[in-house]
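K.L.:
Protein chains in written order, with my numbering: chain A, 1 to 674; chain B, 1001 to 1606.
Among the hints, erroneous ones may be present.
Stated by the list, open to error - Pairs of lysine to aspartate or glutamate, DMTMM-like flavour, derived with a Cα cap of 25 Å:
1) K106(A) - E1018(B)
2) K78(A) - D1189(B)
3) K1254(B) - E1320(B)
4) K1486(B) - E54(A)
5) K305(A) - E54(A)
6) K269(A) - D1143(B)
7) K1282(B) - E1250(B)
8) K646(A) - E445(A)
9) K1549(B) - D1583(B)
10) K305(A) - E1018(B)
11) K106(A) - E176(A)
12) K1190(B) - E218(A)
13) K1281(B) - D1324(B)
14) K1282(B) - D1349(B)
15) K310(A) - D1143(B)
16) K308(A) - E1163(B)
17) K1190(B) - E1163(B)
18) K1285(B) - E1275(B)
19) K1300(B) - E1602(B)
20) K1031(B) - E603(A)
21) K269(A) - D1189(B)
22) K305(A) - D1143(B)
23) K308(A) - D1143(B)
24) K273(A) - E1057(B)
Calculated directly from the structure, the hints in this document are not laboratory data.
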Amino acid sequence: MALEKVNEPVVANDKKILALLAALLKKLWQKDTSVQQKMVGWYSPSQLLRTSSEVLVSSILGRHADRRSIEASNRPPKYFDFSPAPQFTNHHSHAKDDEKFNLAAKPFPIAQDQRTLWIDYVSDLGDGWNSTYAVASQLAQKNIAVTLPDGTTETLLRGNILIFGGDEVYPTAAREEYENRLVTPYKLALPTRPAKPPLLFALPGNHDWYDSLSSFIEFFGDFERSDFAEGRWRVPQNRSYFALKLPQGWWILGVDVQLRSDLDHWQFKYFEKVVQMMRPGERVILCCAEPYWMFNKMYKASQAKYDKSKLKRLVDLIDPKNVLNEEGETEKDKDKHIALFLAGDLHHYFRVLNHERTELSITAGGGGAFLHPTHGLVNRAFKPKRNQSKPYQTRGYPTPRQSWWLGFWNLLFPFFNLSFGLIPGVIYLLFSWLLAIRLNQMTTELPQQIQFTALFTSAWKALQEVAFHSPSLTVFMLAMVIVFFLFTKTEPNAPSFRLCGGVIHGLVHIYAATVLCIFGVIVTTSIPLRALIFFGLGAVLGSFLMGLYLFVSLNFCGQHITAAFSSLRIEDWKNFLRLKLDLETGALTIYPIGLRRVPRAWEPQYSGYDTVQPFDAIIHNHYKPKDESRLQIELIEGPITLTPHKKKGVEVSFPLYDLTNPRKEPSHDVSKTQ
Amino acid sequence: MSQKPNEPNPNETPYKREKMVGWYDPGQLMKTANEVLVSTILGKHADRRLVQALNPEKIQAYEYTKEFKVTGGSQETSASGEWVNRDALWVDYVSDLGDGWNSTYAVAYHLAQDGLEIEGQLLPRAQVLIMGGDEVYPTATSDEYQNRLEHPYGAALQNNEGERPHLFAIPGNHDWYDSLASFTRIFFDKSYFPLFDDDTLADSFQPGKWYLPQQRSYFALKLPHGYWLIGVDLQLSADLDTLQIDYFKEIAQKQMQVGDQIILCAPEPYWVFAEMYGHLKKAYKETRLNRGYLESKVFKDQKIVAYLAGDLHHYFRLHEIQPDQTEVVRITAGGGGAFLHPTNGQLNDTYQEKRDCTQFSFPTPEECQRLCWRNFFFPLLNWRFGILTALVYFLTSWSILAFMKIEGNQINNYLDAFWVTFAGVLQTPVAALWAALILGGFLMFTDTHSKWYRVVAGLTHGVVHLACIFLIGWGSYFLTVDNGMKALEPTQFFSSAVIIFSGGWIVGSMIFGVYLFVSLNIFGRHSNEAFSSLAIADYKNFLRMKIDKTGLTIYPIGIRRVPRNWRAATAADHTVSALVPDDPKATPPFLIEKPIYLKRQEVVRD
């Protein structure tokens, strides 16, 4: 409202300008209390502090008091049966007769006339309003229309089952954050409560685990039948992991890998029972909160950890010849088959398909959180190598090239993360202060006026002298290098990069601070003025160097995929998956839906009225983008069809276009499609 | 495993052979401190024993009074039979295991053999094995359990085809260092021990393993002839929790008979601690256990005849005739594999004067006195520890030398140097604080049980170190400056740094060893620290117990020297184990003292 007034002819009215300024200041300083949450500012000092303390505490508690073992001890294990006619066969005959370990079926029979079963998958949601609500509003529509590559339009129905794939809330799990960032957008996205609410299954990701799952359980697994968003979805799960038995021999398994990327003992036993119930030839969709197949290729440490993990044991138990990780093995008849791996955690769309077109894995973490890059290690992981006879085919959204250009925004790091400057400011101030005292006692001669080269050479000399004469400053410098080295450890970057990148980054900061110190000493003798220079310039310089470091690390070394993009907080490029299971043929079709841009401005609407709770109608129960054209969905690729196959288990096909050149954007030209 | 990769090693087995834990390794010190801190907080605020009690399973004792006897025909042809009362039951007790391979496997090996022939007597393998606490060292993690406990025990019983023994375990403080997470997973599984990752549950009969019936970290076993075995969980040296007491009350009221005899297994010898430290710290005397809560409130119609515990890694037996003329035996037998604890020092001092009970220790206090001399080799036994002293020595000397340079003092002899240093330390707050920190650090390390000892010995220890820092620091200064180097130039700096660092490494840890030796052998303190530094794998022990109609017999079995070499077993060895000893210097198991026989005793009801 205030902004509209700017367009009015400028009247010599000081009051108006003052009011405008006041409104602006208010907007800057006041916390956003409306329903429209901002994106999480990961680099603000208070957030950094909060994140690190939550991570520390929850990882300790995750090890000492794993919530999953408590769940397992007092919640009866069950699986969810969606078969048209529930069968009660005794497949687990070698199970010990002990109630604590046996699974009970919870039937959800499908109506006789239903031809298709729809499943939605969205992951990494509950961040800023713009992105989370944009995705939620598309998921909640009764149907959406997408344009297929051949130019025709297909109508996709809202999922009978909605799966939250992990990280339902940011920055860390707390009841208010869940309410504000997750429940409110989803509640407003579905203004009227459906007569037959869709079922919701949720997997916890690391961000849900940051309060040891306390809030997650409250929202998603508290009772036999808890409701999500005031009854708009139904949540039947009673543990943090689940198994769904679908018609036509399909299964969906959702595993909870907690904070240590692995299953716990009791969960493994649960899935062991589930696998015993599967019959030969059946197909599994495995949902995991982390795309471990990506991490395994990206980081050596992850592969080593995975090889020892229970997760691998489970994957091998279902699908003993899992070719996604064992390339070059000949294809054999399989008993059971993991047809599709789904995960979030990386907030982009990245699909990997093996050469034989039997193993499909999709990272689809586009529910609302900041965008992750698809270039760097992500793209390198499955890039065809020279001697590779059976290359993988991949597709990223955004494409690696687009993502690479987005990386340049890190050169403007100080503007994106204003308050982060506080940290380098304080460090630079302390260091330069200590050094300035020392400089008087040293033999190094300082240049008399500001000259570029002299500044740098004298800084180099000063550093050399300090290294031997001042234990306290040397320890300070060592601590700085160690801090920047530890920063590289926040992600499983390559060990060689950690050492080089971390140490060089630390040394560059020390050198910059020394130059700044000499600059300050030359410019002025006034102590407060010097302090101001040290702090102010330190904040800007330090932030800029940080951005530069992230830019170089990601765009040239491929490392820091999270740190270098969480700084940008890109709201666009969202995605979710819609799956269609044909109940007659058993074919599963995947529609990866993308939102290239999300609207930044919204208008409240009063379109729907809640009949059950009339007072709902009083508040805005729906929001609409101010500019409708900004909210457009597109089909990222595909649709991808998984057809049951007797020998291979499943066959992946892209019926509408050719995949021989996966690096090339798929053509939308009808004539080129098969 | 220094074998060349090409040559196949005939003794190669899948089992990992771990070294003894190096408690003085700086990394280990940090890890231990961290784990103790975290688990103590969590133990207080989120006691897992409460979660266990949520388990819907019925409260019930585990029955061992009957056995299945096959009737008619041989075992192969007919499976029909009936349950008959047992004549006798054998129970093994081992505690404080899961440390180095040699010691842990030596004990596991002898526990697992079909029979143990000692002094002409054949003692068969027990039907029930009790692990009495501290099943793993240094701290509880899945990997440590697997490498230090499951591997040796898996190897020991690998080829067993006979009767499958049962296994019960109570957790000690080391199992509690991850709040019992791994312990729960390994022992509450209702399956077999040990299970490795490549085992599948599908082949349900795995003969070379123990069976695990246990569902909580405490339990009651009903043995034949009115005997009971009770295992209690004391968490981190805390006490019985209320739900655990409820559990035992329910068992005592509903399933025990008046006059039943009880063997109590506790993770620590609380009676010894109360006697040793009770006068220094009240908390040791005032636990529910020491106030006789179990005897007077829970098992009031029964009689606890034997108390067994680990935690102290030696054998120490007390035999008391109580005022009502009944006999009670209390045994500390923590010899399952962990480093040896001394029996001299305060333990010996405390019990030497007590005349109302007989006692026996293995090894004897005199032997321990001799073993303690090994602390003079502390720098060799714990070579990594020197990093810490080296760093402290180096940083202290450097800051003083840098300070002196600024002042521009010229010093020519040690006396001058001493006064200048002293004045320097007093003048700069940083140096004074640093010196105080060093003294405080040594004070913190000192034995916590006696206050006066802590202050006097801690300060002395610290001052000796400070003096050595001064001597080494100035020594290096003289050595380098006299040879024509300029103070604080790179060459002088690096050469004196090397001198101070290596001096601090060797001399610092040397002083440490001497301090530990003096503390234990002269003042009787630091019995834990002065022997954990030695990590002695020998002098192991376990108990084999027989319960029959007449009473309870305890055979204390010791191994004076455990084998250092092992070879793969062959058919000629006639053994259930995968590896057999291959060390001529090793000694066979022997009876530590003559078997302790406790006749069934009458219970006098007040």
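K.L.:
Is it true that the CA of K1031(B) sits at most 25 Å from the CA of E603(A)?
P.N.:
violated (56 Å)
K.L.:
Tell me if the straight-line CA distance from K1300(B) to E1602(B) falls inside 25 Å.
P.N.:
holds (13 Å)
K.L.:
Are the Cα positions of K305(A) and E1018(B) separated by 25 Å at most?
P.N.:
Roughly 21 Å between the alpha carbons, so the hint for K305(A) and E1018(B) holds.
K.L.:
Below or equal to 25 Å on CA atoms is what counts here, so check K1282(B) against D1349(B).
P.N.:
holds (19 Å)
K.L.:
K1190(B) and E1163(B): Cα distance at most 25 Å?
P.N.:
holds (18 Å)
K.L.:
Do the alpha carbons of K78(A) and D1189(B) lie within 25 Å of each other, as the hint requires?
P.N.:
holds (19 Å)
K.L.:
Checking one constraint from the list: CA of K106(A) to CA of E176(A), max 25 Å. Satisfied?
P.N.:
violated (32 Å)
K.L.:
K273(A) and E1057(B): Cα distance at most 25 Å?
P.N.:
holds (21 Å)
K.L.:
Could you grab the alpha-carbon distance between K310(A) and D1143(B) and see if it respects the 25 Å cut-off?
P.N.:
holds (13 Å)
K.L.:
Given the hint that K106(A) pairs with E1018(B), test it: the Cα-Cα distance must not exceed 25 Å.
P.N.:
With a Cα-Cα distance of about 48 Å, the restraint between K106(A) and E1018(B) is violated, given a limit of 25 Å.
K.L.:
Given the hinted pair K1281(B) and D1324(B), is their alpha-carbon gap at most 25 Å?
P.N.:
It is violated: about 30 Å lies between the C-alpha atoms, which goes past 25 Å.
K.L.:
Would the pair K1549(B) and D1583(B) pass a check requiring their Cα atoms to be no farther apart than 25 Å?
P.N.:
violated (40 Å)
Hints 1, 3, 4, 7, 8, 9, 11, 12, 13, 16 and 20 from the list above are not met by this structure, while the remaining hints are.
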